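> Spelled out, the chains give:
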Amino acid sequence: MKKIIMLMLISLNLFSQDVSWKPSEATVARFQLFHSTCALNQPTAETIKQGDLLYGIEHRFNLPVTSGVDNLFGLDGGSTIRMHLGYAFTDNLLVDLARTNRMANYELNIKQRLFEFNDENFPVIVAGNVGIAYNTKGVPEALGSGRKVQPFASLIVNTIIAKKIGLGIVPTYLSNTNINDARYTESKNSFTVGLYAQYFINDNWAIILEGTPTVTGWRDTYNSYAFGAEFETGGHFFKFIFGNNTAINLSQYNLGSAQKFGLQNLYFGFQITRDL
Amino acid sequence: MKKNIIIILAIILFSFNAYSSEYNVDKSKKNLVKFTSKMTLDDFDGTTDKIDGFMADSKDGLLNSNFYFEVDMNTLTTNMGLRDRHMRDNYLHTSKYPKSNYKGNITSVQEKNGKFEVVVEGDFFIHGVGKKTKINASLIPDGNNGFKVVAKFIVKLTDYKIEIPQMMFAKINENMDVVIDFMLKKVK
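Read top to bottom, the protein sequences are chains A and L. For the first sequence, counting from 1, position 255 maps to 255 in the numbering used here; every step adds exactly one. For the second sequence, counting from 1, position 165 maps to 1165 in the numbering used here; every step adds exactly one.
It is possible that part of the hints are untrue.
[To be verified] Below are the SDA-like pairs computed for lysine to any residue, each with C-alpha atoms no more than 20 Å apart in a straight line: (1) A:K22 x L:V1178; (2) L:K1188 x A:K164; (3) A:K164 x L:R1088; (4) L:K1030 x A:T27; (5) A:K22 x L:N1090; (6) A:K163 x L:E1022; (7) L:K1027 x A:E25; (8) A:K22 x L:F1054; (9) A:K22 x L:I1172; (10) L:K1112 x L:G1146; (11) A:K22 x L:R1085; (12) L:K1038 x L:V1178; (13) A:K22 x L:F1116; (14) A:K22 x L:K1103; (15) L:K1050 x A:T27; (16) A:K163 x L:Y1097; (17) L:K1148 x L:Y1091; (18) A:K49 x L:T1047; (19) L:K1185 x A:K163; (20) A:K164 x L:K1148; (21) L:K1096 x A:D18; (22) L:K1099 x A:K164; (23) L:K1038 x L:I1172.
[Unchecked claim] Partner residues aside, some chain A positions facing chain L, computed with beta carbon under 10 Å: (24) W21; (25) S36; (26) I81.
[Unchecked claim] Chain L side only, calculated, beta carbon under 8 Å to chain A, not exhaustive: (27) S1021; (28) A1056; (29) E1070; (30) T1094; (31) K1096; (32) V1109; (33) D1123; (34) F1125; (35) H1127; (36) G1128; (37) V1129; (38) G1130; (39) K1186.
Worth flagging that the hints you see were computed from the coordinates, not collected in a lab. All values derive from a computational prediction rather than experimental measurement. Every residue gets a Cβ at the ideal spot worked out from N, C-alpha and C, and that includes glycine.
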């Protein structure tokens, strides 16, 4: 009798586990290294979710921070303003249209994520960005209307160290870069290498260093350098930027600055982006 | 010999009584799990259709049936990629806790207008933390030997050691309204 009861209990236990349902594998979240689609001025390899819109507005004030309290540390001096709107056709393809007031510039950027290597020690994401800028004002008539157009292309390579320090290298080829240099009538090109490091302090705050030396080709007097902080919350990024260049978009910013990077030539700027 | 036959019969009868039928979540149907966050100025929803699980009913019919479902938390979306990532990485920590699940038994059944109002008592695991939870659910026969399951309940984030998310500069309500709505199909 004891045997029967034991067997009944065992069989109950066996059958209570005997459901045909099997759990499925959990979905793996999208692989990301940086949080935002750009560092300060240079693009990261990140895109946004398919179907999302990305709206951004940014300013670079034209007076340096050292202009003092009378000019509210540069904020009274007018600014370069850029607005842009992006749309993700896929998780890996972001198309962005921008307007900057400097030279009444329209700019189209197409960023495509190309490759990812999800390794614990050395994760890498590579993206390509091609774009075209069209300056509707400020290009000397003598140069011809064709010189209003500035195509450019970048390769973006990102990695992260210890999940805390994001690094990026952005070699960029820019065409027709000398439209404001009266010394030349023929078109010049430039090759620049954007470099940035972003330290993620916590889930919301990060600090960023960025340099954009021109390797070869036309450049203004000095290379562009910047540093700043990033705050992200609730679908927004807020960036606070200090640098020696008051240009914003790639086709203008990468060409260098007339001001040497240093305390006397620090210009404040900010950027707000919103994922919609 | 007679004794052996009795043993075998006892096992068969008793085991048949253990589960008379099993229902699995029908993933081909339009299922829904929805978390609603209430804020002072705005509400937003996190939704997914990636719910899976089963109901195995006992010799008592629905009463005492085992009820298990799990939600793939990496698929939860608020229709904003950045907010989704914040939710996954900063609050739900889905790389460590990719699934939430509920395991319980139906402790009460009332038939009303052709549907069954049931009470399920069990444990809800979210963010790696388990909590005893009682869920009132409706089981509506779908006319094809299956059920549509609908339940609404509240999840208090702090019960599961989830930090209260801050959207811009306002914190959301720590009580989230949860709606589950999915189809069960009979598999045996």
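> Under the constraints set out in the numbered hints, which ones does this structure not fulfil?
The structure breaks hints 1, 2, 5, 6, 9, 11, 13, 17, 19, 20, 21, 22, 26, 27, 31, 32, 33, 34, 35, 36, 37, 38 and 39; every other hint is satisfied.
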